[in-house]
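**Q** Chains as they are written, first to last, in our numbering: chain A, 213 to 640; chain B, 213 to 640.
Hints listed in this document are in silico derivations from the structure and should not be mistaken for laboratory results. Do not rely on the hints blindly, as some may be mistaken.
No copy is singled out in the list; a pair is fine if it fits within one copy or between any two copies.
Here are the simulated lysine-lysine pairs, DSSO-like style, with alpha carbons at most 27 Å apart [to be verified]: (1) Lys426 to Lys229; (2) Lys426 to Lys630; (3) Lys268 to Lys630; (4) Lys295 to Lys547; (5) Lys310 to Lys413; (6) Lys413 to Lys471; (7) Lys268 to Lys472; (8) Lys228 to Lys471; (9) Lys427 to Lys295.
Everything numeric in this text was worked out from a predicted model, so none of it was measured.
Number of protein chains: 2
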Amino acid sequence: MKTRIYNARILTMEEKKGIFEGEVWIDGDTVTYVGKAEENVEQSRNSWDQQIDAQKNLIMPGFKDAHTHSAMTFLRSHADDMKLDEWLNTRVFPAEAKLTPDDVYWLTKLAVMEYLTSGITSIFDMYMKRPAGAQAVKDCGFRNVFCESINNFGGTLEEVEEDYHTYNTDPDRLITYQLGFHAEYTTSREMMEGITRLAEKYHAPVYVHCSETKKEVEDCRARTGMSPVAYMDSLGLFQFGGGLFHGVHMDDSDFDIIKKRGLYVVTNPASNLKLASGIAPIKRYLDMGIPVAIGTDGAASNNCLDMFREMFLVTGLQKVVCDDPEAVPAMDVLKMAVVTGAHAMGLSDCDTLQAGKKADLIMIDLNQPNMQPLQNIEKNIVYSGSKQNVKMTMVGGNVLYRDGNFYLDSTPEEIYRKSNESARRILG
Amino acid sequence: MKTRIYNARILTMEEKKGIFEGEVWIDGDTVTYVGKAEENVEQSRNSWDQQIDAQKNLIMPGFKDAHTHSAMTFLRSHADDMKLDEWLNTRVFPAEAKLTPDDVYWLTKLAVMEYLTSGITSIFDMYMKRPAGAQAVKDCGFRNVFCESINNFGGTLEEVEEDYHTYNTDPDRLITYQLGFHAEYTTSREMMEGITRLAEKYHAPVYVHCSETKKEVEDCRARTGMSPVAYMDSLGLFQFGGGLFHGVHMDDSDFDIIKKRGLYVVTNPASNLKLASGIAPIKRYLDMGIPVAIGTDGAASNNCLDMFREMFLVTGLQKVVCDDPEAVPAMDVLKMAVVTGAHAMGLSDCDTLQAGKKADLIMIDLNQPNMQPLQNIEKNIVYSGSKQNVKMTMVGGNVLYRDGNFYLDSTPEEIYRKSNESARRILG
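Same shape as in the complex, but just chain A:
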């Protein structure tokens, strides 16, 4: 299908390109042209399958949710106001034990709907019952990078290696897969050493929850004499890079390891507030040149999958914690949420809006009061944007959400009904 988006303001997210007026052309799942309206386009009117008038709204690459647990939507507003370890052990794990593949299928679809409303076009999803989650994402036409979540309570190294191949051979690249494991505190040394061997075999990066709470760091130190970062690095896990989810509580020497290994940090500020985990040292990471991406975390902890909330928190929290209102300005936040997010999860062709890149893009509604007056659109998005401004979300060249309507293979009513059934059956 050939699509032309015209009459648009365009933010490609390429360095120093700014915002300009023009068009975006798409063939199949790929962008073929981004630039000024060309004169000959009028003559070729009949060659388009679809023409979208952007009405001077902003077209930009979609947001990348670089850490989430999609199917945890069933736990939204179920167990709030608890500490992470108690919450995991008394509420989350027992409920998750009751999940069927069918539950995961529908609960993932519910999450995809929410991502779309927030302009998120791809996710780095760490969850179990992967075939069901993969089917849900594919049926929606959404883009998902799976992050391996093996730990002492589930998964074998053989299954990990099999999944590495299974999910990295999707012909349309809607599904890919990265090596990882749940966390140092839930995974045996033998299992981590096995992941190291796989990383070495495939020259692959490794991703993991790390240093989310003070307790996690203290416990690791008591057990190993090292911080989680230092201990995992000593096992050779990060020889080919990777990333740390959360990264809230870091020693001075941890920063050097992260920098040396070229690791990404994926920050989840709303989840860290709500679970009282802490505030990650984002400004220090950025000052050291450590790339930071943004995740929502799952709906069980956050409780919503909203990149606008996370973007404001990333900058707002650093400003107050560093006592510096200049800390982490808006354009840096936008880059994290779009470009660095894509790179963190290994999507080299979803970072900017250029010919040859995937057509994963969103239309930001500028005709809303929170975007007016139109003085600085990038700042408006980060400092005053909300889900209400997402007028369209396109993944792989297909419009999946527009003007409040979803274009999926299931209706919202069916997805809500199935999700409520799952939640009721599991949580009573």
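Knowing the structure of chain A, use the given hints to seat chain B on it.
**A** For chain B alone, kept in the frame of chain A given last:
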């Protein structure tokens, strides 16, 4: 006009009433019935001017924005990433000096549009050129409590007394007025003593910006030997109560004064983050029984007028600062945003949804992915709600916003055009 809202879930915000299914009836600007669907309503179908099918969505009282500066919308995304004092003196005050009444009229209307999209039905607005702002609010059919903002740079005590009468005699009570002044650091002792005399004359509460930044507190202490709270209290300003906007940096003894005088604290967490002012001790206020309301502050600092963002911040920030995930649970936040907000600004008839109260209410769209599954609606609103969930906003019995459409005397296009013209003329 007689309106019937039926097929609704209803949250009245009365203590321990919970959510039930039923109807809301409205006559003019007043609620006449809230309860189960009555059998005889079918017979009286013809007596309704308007019937609204809520489709099982939630009807609740609107949010109260208990501290804002409406017409500052023209400064949105103009001067970000600066400290409060530099920002006020080099950017805000010089720009505000160029505002005409016509600017204030249109910029206030822009703010009203944004309040409506966030389910805000009344505001406590501290701004200058009050006749223009009042006209804008009246023309919109919105509800506004003016807070006096006199200071060394504008206003006389005679004008204050005149405005006290002018704006407290509005027959439909869409506009009311409370005594106040800008801040201790911008107002002479003589002027504050004059406000005290007016408070004594009218037995009126007094509202003021207070202890927003560390510098403000230190400067006041250097000048007077007292904290701003103690100094202003020593001038007799709070004999009839009132409220403090921001209230971020407090001494132990300040809490006692606030408690003793029955003052409200109005917290503005997004603004405090963005200007790196600090995080207010909300949990301590609440533990002491000090009533806390929530404001957005103006769009120049925040940069948006969004109660959902503020509500999540109120609870999220306390959880992390107090290292206590149980701090300030969702229902307490909702009460601050709705009930305490109304009381803080002196609106005794806009706090809950009951017969005899003003028909200032909103419809929350539960058929959105961020509200599903429907396990705990109150928590959903605070922890995962967004502007996208505001399906309808009604003020004084009139629908001003519904399904993305505004029902005002001006079109959005006109308001945007005028606002952009003002911003361009003033800011260049």
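**Q** Hint by hint, note whether the structure agrees.
**A** Hints and how they fare:
no. : hint             : result
1   : Lys426 to Lys229 : neither (41 Å within a copy, 39 Å between copies)
2   : Lys426 to Lys630 : neither (38 Å within a copy, 52 Å between copies)
3   : Lys268 to Lys630 : between (38 Å within a copy, 18 Å between copies)
4   : Lys295 to Lys547 : between (31 Å within a copy, 24 Å between copies)
5   : Lys310 to Lys413 : neither (35 Å within a copy, 67 Å between copies)
6   : Lys413 to Lys471 : within (23 Å within a copy, 66 Å between copies)
7   : Lys268 to Lys472 : neither (44 Å within a copy, 55 Å between copies)
8   : Lys228 to Lys471 : within (25 Å within a copy, 53 Å between copies)
9   : Lys427 to Lys295 : within (11 Å within a copy, 35 Å between copies)
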